[in-house]
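Residue numbers (the working numbering), protein chains in the order written: chain X, 1 to 406; chain Z, 407 to 812.
What the hints contain is simulated information worked out from the structure, not anything from laboratory work. Hints may be right or wrong, so weigh each one.
Claimed, not checked - Which bits of chain X does chain Z cover? Going by a derived footprint, with three or more residues having C-beta under 8 Å, they are:
| # | segment |
| --- | --- |
| 1 | 45 to 55 |
| 2 | 275 to 282 |
| 3 | 313 to 327 |
The beta-carbon is built from N, C-alpha and C at its ideal position, and this holds for glycine as well.
Residues per chain are reported as follows:
Number of protein chains: 2
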Amino acid sequence: MTTVHDTRTLSISRRGLAMPASPIRKLAPLAELARLRGTKVYHLNIGQPDIETPACMLDRLKQIDDKVLEYSPSTGTLAFLESLRQYYAERVGVSVETRQILATTGGSEAILFAFLACANEGDDVLLLEPFYANYRAFTTMAGLNIVPVTSRGRDGFHLPPRSVFEQALTPRTRAVVLCNPNNPTGTVYTRDELEMLAGFCRDHGLFLIADEVYREFVYDGRRAISALELRDGDDFVVVVDSLSKRYSACGIRLGALVTRNPELYDACLRMAQGRLSPPGLAQFIAVGAKDLGDDYTRDVVDEYQRRRDVLYEGLRAIPGVELARPEGAFYCVPKLPVRDAEDFAVWLLTEFEHDGATVMIAPARGFYATDRGRSEIRIAYVLNEDDLRASVELLRVALERYTKGV
Amino acid sequence: MTTVHDTRTLSISRRGLAMPASPIRKLAPLAELARLRGTKVYHLNIGQPDIETPACMLDRLKQIDDKVLEYSPSTGTLAFLESLRQYYAERVGVSVETRQILATTGGSEAILFAFLACANEGDDVLLLEPFYANYRAFTTMAGLNIVPVTSRGRDGFHLPPRSVFEQALTPRTRAVVLCNPNNPTGTVYTRDELEMLAGFCRDHGLFLIADEVYREFVYDGRRAISALELRDGDDFVVVVDSLSKRYSACGIRLGALVTRNPELYDACLRMAQGRLSPPGLAQFIAVGAKDLGDDYTRDVVDEYQRRRDVLYEGLRAIPGVELARPEGAFYCVPKLPVRDAEDFAVWLLTEFEHDGATVMIAPARGFYATDRGRSEIRIAYVLNEDDLRASVELLRVALERYTKGV
């Protein structure tokens, strides 16, 4: 047998090479070094809530008496789907049927399924920037191009007028992605904004992929409008949901994709069948959330609102820091009086220390597709009030030193 | 503001439309109807093991005392990765470091990551057919073309000679996928076969994606050779692994991708960072598997080997059925004396009954990319011996009636 000599060499795919690294990845070793030097590092960079997972969910771990941990249905268990249906009906005020809900492995899998089902390789998706940095991982995996539409801090990161979306439209645009309430900006969009965006999608045959995983986290009496509430929203709306933040259960990896478009549902279902089933233990304990009253969400939201107040009042008292009052989620994107926030973030971890402590922040550049956001950072306020106060004070002292070149 | 009229209409993506349905999907409602008629349906079509999940894993569910179910590291927890490293060292005889192991959401996610990282949209992958039907879901999601290389029942579904692989090679071939031990055929490949395939990959700059989720399930004193054992296997081998079958824990959705290629690992890690983390509860209980002795695997394998014997002896006593003795996994692909096994499978569920029972089988067509396999079925033997005996007897009676046109 003769073997034809082959000149190809082993190489990973272009998309494998293009996969974006986490925006804070290069900072993490610096934080670790600071910790090893004995410096306390306050983490304003991580979205892992410190709120306890509800006992009515944790208790169910003790109730699992299965002898075999079997596959669940690819859609998710009926019990879990029914608990979600009730949640949408009673808590969100939205009527969906269980056959319109697909349980997913976190909101992450719902995003990937939605991207794959709504657009082909080489198609464009409109993303409001700054955006959740991991969207870029999923657009890369799905072979989609991000066309950014910029929201601006001076507008509280609310939507630009429809004309800006119209200008961003290309022949290959297939979907618009909106995270509401927004990670990273903390913006909660008004009904008018959502109606505008829905009209834009309707007029142009685009899907609206609404990432609503922070739905409950809204402050000052606001309510987050679900895209499932929209008029005409029947066939072009895909909602990405997750239990991670709602019940402070990020580690169980359980979410959902919700759509009233049967073709889209079916395409996602076939992807779900390919991967067999969503996590089973997670679904079993998730059903326990049915026992939570309204007071659970109210208490959690009150807690985050107090933190929001501490952070916001503290930050806007720092000379040169610009920030509109965050409306929801537990993030915000302040603009700092520095030329390059990444340099500042590195400096905080390598050269700064005050009373034995420093603070880790996420430069906002990684949340933009354009070259904007250079002076901005993203802050997650999932620390208790005392730690938040200490973090803000550290930022104040650090900025004073940094801007004076001390 | 004027809105340009847009002629595009809302439509799901080509790849969304192309997503394959499960090969048994259209049979499932027929089985349900049979059940409703009062007919007992023996399921030879499902790969869900009935063996109990080890108590040392289940018991850990009672030990979880976290107050917050937090994200785990994107790579998986150190404890879980270390337990896998030890497993590979002690049970597989393979030395890998924890930085070469990526915990995944089942073997399914490892396959998707491997496909995305090894090849670009439009590239070709060589798949030995018949193949695990869900590979087609992942090639569709990843935009890859399947180039089938056929294995034949008369050869016990062992590999064809290298010349057949050479002929199947295209300029866009990037990887070869081998499931060993094989689902659906039950074939366990010899060291010579693996060396041949490794040589083929090495000479042509191809990745070898080795799906080894049935590694333990080998009979008659065989041993499954891991692709990680191969000479020169350092940079082109990607192993897909899963705890689903090894510990009868399909529902926890926990697996791993293992590669000594740092670039490939890094690309997959960045995908893993995008989806944040693998299931956390699953990782916690999985560590319990460290307490299992060699006797656990031996007992389980003995059980499956007895079932294999019942099935094989029973099937080959049926006139016209062709089947080589299955060597591993818990599947086999017998050829039936029927023109179209799908018609026969439908007939079993709609027209056949014997002593109040019938049997559900998976037509093998869905496991082929060519039009082969029309007379073949896939059987999963995850039933106890009595039920298996009853199922085989039903098949015997049914084939007698069906082939006589009764």
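Open item on the list: Using a Cβ cutoff of 8 Å, are there at least 3 residues of the segment 275 to 282 of chain X near chain Z, or does the coverage claim fail?
Closed with: holds (count 8)
TODO: Take the segment 45 to 55 of chain X, compare each residue's beta carbon with every beta carbon of chain Z, and decide whether three or more fall closer than 8 Å.
DONE: holds (count 6)
Open item on the list: Tell me whether the statement that chain Z covers the segment 313 to 327 of chain X is true, taking a Cβ distance below 8 Å and needing three residues at minimum.
Closed with: violated (count 0)
When the structure is compared with the earlier hints, a violation turns up for hint 3 alone.
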